[in-house]
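Construct the entire structure; sequences and hints are all you get.
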Amino acid sequence: MTSLFGVIGNPIAHSRSPHMHNHWFEEEGIDGKYVPFEIDPNRLEEAVRGMKALNFTGWNVTIPFKEAIIPLLDQVEEDAKLIGAVNTVINQQGKLIGSNTDGAGFVESLYEKRTLKEIQQSSILLIGAGGAAKGIFHALAKLEPAHLAVANRTEERALSLIQSIKTNKKAQAITIRECEKLLSTFDIVINTTSVGMFPHVENMPIDVTKMKNCTLAADIIYNPLETAFLREAKKHGADTLNGVGMFVHQGALAFHQWTGTNPDTDKAVSRITKQLGGTSC
1 MTSLFGVIGN PIAHSRSPHM HNHWFEEEGI DGKYVPFEID PNRLEEAVRG
51 MKALNFTGWN VTIPFKEAII PLLDQVEEDA KLIGAVNTVI NQQGKLIGSN
101 TDGAGFVESL YEKRTLKEIQ QSSILLIGAG GAAKGIFHAL AKLEPAHLAV
151 ANRTEERALS LIQSIKTNKK AQAITIRECE KLLSTFDIVI NTTSVGMFPH
201 VENMPIDVTK MKNCTLAADI IYNPLETAFL REAKKHGADT LNGVGMFVHQ
251 GALAFHQWTG TNPDTDKAVS RITKQLGGTS C
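For the sequence shown, position 110 (counting from the first letter as 1) is numbered 110 according to the numbering used here, and the numbering increases by one without interruption.
Honestly, the hints are just simulated from the structure, not real lab data.
A couple of the hints might just be wrong.
In silico DMTMM-like links for lysine to aspartate or glutamate, alpha-carbon gap of 25 Å or less [what the hints assert, rightly or not]:
id	residue 1	residue 2
1	K169	E118
2	K181	D239
3	K142	E118
4	K170	E156
5	K95	E78
6	K267	E226
7	K234	E202
8	K274	E28
9	K142	E67
10	K170	D187
11	K95	E38
12	K234	D207
13	K95	E46
14	K33	E45
15	K117	E144
16	K142	D187
17	K169	E78
18	K267	E108
19	K95	D31
20	K81	E144
21	K212	D239
22	K113	E180
23	K267	E112
24	K267	E26
25	K170	D79
26	K274	E26
27	K113	E226
28	K170	E155
For each label pair, taking beta carbons as the anchor points, the in silico distance ranges come out as [unchecked claim]:
id	residue 1	residue 2	range
29	S194	K169	23 to 31 Å
30	G260	H236	38 to 46 Å
31	K169	E27	38 to 46 Å
32	L116	M1	38 to 46 Å
33	R49	D239	45 to 53 Å
34	N203	T261	35 to 43 Å
35	N22	R157	33 to 41 Å
36	A53	H19	23 to 31 Å
37	N55	S194	33 to 41 Å
38	Q93	D239	43 to 51 Å
39	G237	A68	36 to 44 Å
40	G277	N203	17 to 25 Å
Think of the CB as a built atom: it goes at the ideal place given N, C-alpha and C, for glycine as much as any other residue.
This is the structure:
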């Protein structure tokens with residue numbers, strides 16, 4: 001009998017998760033089907049009951065339901081509780097368990113560019129203080145980098161993010177304007193916002209003029225593959241990392257939770273990069 005999986009969100013038509021997961025089912029010889037569902041924001045509870053009634057093995061959760069779904073679950077893993085968001089649901093014999101693979105997925109992609117030791121020796125800046133930033137901040141804080149800062153338009157929101165997650169080292173909350181002045185002090189700079197995403201591809205979250213040579217500029221956006229932020233950072237001598245790796249690795253971690261199988265992430269990154277062709281889609 002075919003096992004059912006999916007992703008819920010609104011909008012959802014743009015999602016590449018079905019393509020990626022269905023490829024993995026085929027490659028791993030698993031009889032599974034992954035389907036996207038656009039859910040009315042006012043009918044989330046009905047949708048969750050329906051997926052449970054249809055005996056879905058698991059599903060992913062994206063905007064705007066990552067926080068709203070938490071009260072509808074039977075159990076939420078500790079990391080997801082701290083982050084305050086769920087992106088993966090596992091159905092264990094009718095018991096719905098929520099987890100969050102976003103932060104861990106980003107860290108896995110970061111290892112493509114920096115070793116654990118290099119990360120721990122780095123001063124790291126996160127741009128943005130939304131849901132994605134919270135997951136990435138939590139995952140990076142576990143690695144105990146030399147310095148970790150969060151920049152946001154309002155410093156209060158950055159401070160709120162930092163205070164919501166306990167760290168062994170004191171993190172810094174700063175404004176976007178302050179981070180632009182201090183940019184040369186950071187070794188890794190990560191855009192966790194949607195600024196620069198298709199169709200607004202020329203927008204940038206910060207001015208990168210003061211970014212130092214050999215900084216790693218990372219963006220969680222993968223459409224376009226090279227955002228204006230990454231393009232301009234590269235002009236200033238930065239190494240760059242786009243969002244394809246995070247997308248693939250967070251999906252692979254969810255896939256493993258559902259099936260116990262580790263899919264081929266390298267092949268998935270290559271396939272998605274080729275599909276996007278280096279341009280907006």
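Evaluated hints:
1. Of the pairs offered as hints, the one joining K169 and E118 holds, with about 17 Å between alpha carbons and a cut-off of 25 Å not exceeded.
2. Proximity of K181 to D239 is assessed by CA-CA distance (about 20 Å); at most 25 Å being required, the pair is judged to hold.
3. Between K142 and E118 the alpha-carbon distance is near 14 Å, which keeps this suggested pair within the 25 Å criterion.
4. Annotation: proposed proximity of K170 to E156 holds, straight-line Cα distance about 16 Å (limit 25 Å).
5. Simply put, K95 and E78 have alpha-carbon atoms about 16 Å apart, close enough for the 25 Å limit, and the pair holds.
6. At most 25 Å may separate the alpha-carbon atoms for a hinted pair to count; K267 and E226 meet this at roughly 20 Å.
7. Taken as a hint, the K234 and E202 pair is honoured in the structure, with Cα atoms around 15 Å apart against an allowance of 25 Å.
8. Pair hint K274 plus E28 holds up; C-alpha atoms about 21 Å apart against a cutoff of 25 Å.
9. Between K142 and E67, the direct Cα distance comes to roughly 22 Å. Compliance with the 25 Å bound is thereby established for this hinted pair.
10. For the hint pairing K170 with D187, the CA-to-CA distance comes to about 17 Å; that is within 25 Å, so the pair holds.
11. For the hint pairing K95 with E38, the CA-to-CA distance comes to about 23 Å; that is within 25 Å, so the pair holds.
12. Pair hint K234 plus D207 holds up; C-alpha atoms about 13 Å apart against a cutoff of 25 Å.
13. Between K95 and E46, the direct Cα distance comes to roughly 16 Å. Compliance with the 25 Å bound is thereby established for this hinted pair.
14. Restraint check for K33 and E45: satisfied, since their Cα atoms lie roughly 22 Å apart, inside the 25 Å limit.
15. Between K117 and E144 the alpha-carbon distance is near 10 Å, which keeps this suggested pair within the 25 Å criterion.
16. For the given pair, K142 sits about 18 Å from D187 by alpha-carbon distance, which is consistent with the 25 Å threshold.
17. The straight-line distance between the Cα atoms of K169 and E78 is roughly 20 Å, inside the 25 Å bound, and the hint therefore holds.
18. Of the supplied pair hints, the one linking K267 and E108 holds, its CA atoms being roughly 15 Å apart against a limit of 25 Å.
19. A hinted pair counts as satisfied when its Cα atoms are at most 25 Å apart, and K95 with D31 qualifies at roughly 22 Å.
20. The suggested pairing of K81 with E144 holds, with an alpha-carbon distance near 20 Å, which does not exceed 25 Å.
21. For the suggested pair K212 and D239, the alpha carbons sit about 10 Å apart, so the restraint of at most 25 Å is met.
22. Pair hint K113 plus E180 holds up; C-alpha atoms about 23 Å apart against a cutoff of 25 Å.
23. A distance of roughly 14 Å separates the Cα atoms of K267 and E112; the hinted pair therefore holds under the 25 Å criterion.
24. Pair hint K267 plus E26 holds up; C-alpha atoms about 13 Å apart against a cutoff of 25 Å.
25. As the CA atoms of K170 and D79 are separated by approximately 19 Å, the hinted pair is consistent with the 25 Å bound.
26. A hinted pair counts as satisfied when its Cα atoms are at most 25 Å apart, and K274 with E26 qualifies at roughly 19 Å.
27. With a C-alpha separation of about 16 Å, the suggested pair K113 and E226 falls inside the 25 Å cut-off, and the hint holds.
28. In summary, the hint linking K170 to E155 is supported, as the alpha carbons are separated by about 16 Å, within the 25 Å threshold.
29. For the pair S194 and K169, the beta carbons lie near 28 Å from each other, so the given range of 23 to 31 Å is met.
30. Remark: the range hint 38 to 46 Å for G260 to H236 is upheld by a beta-carbon distance near 44 Å.
31. The given range of 38 to 46 Å is respected by K169 and E27, whose C-beta atoms sit roughly 40 Å from each other.
32. Take L116 and M1: their Cβ atoms lie about 42 Å apart, and the range 38 to 46 Å holds.
33. A hinted range of 45 to 53 Å for the beta carbons of R49 and D239 is consistent with their spacing of about 47 Å.
34. Range check, N203 to T261: Cβ separation about 39 Å, and the 35 to 43 Å hint holds.
35. About 37 Å separates the C-beta atoms of N22 and R157, a value consistent with the hinted range of 33 to 41 Å.
36. With their beta carbons about 26 Å apart, A53 and H19 fall inside the hinted range of 23 to 31 Å.
37. A beta carbon spacing of about 34 Å between N55 and S194 agrees with the range 33 to 41 Å that was offered as a hint.
38. In this structure the hint that Q93 and D239 lie 43 to 51 Å apart at CB holds, the actual value being about 46 Å.
39. Distance hint for G237 and A68: a CB-CB separation of about 42 Å, consistent with the stated range 36 to 44 Å.
40. Remark: the range hint 17 to 25 Å for G277 to N203 is upheld by a beta-carbon distance near 21 Å.
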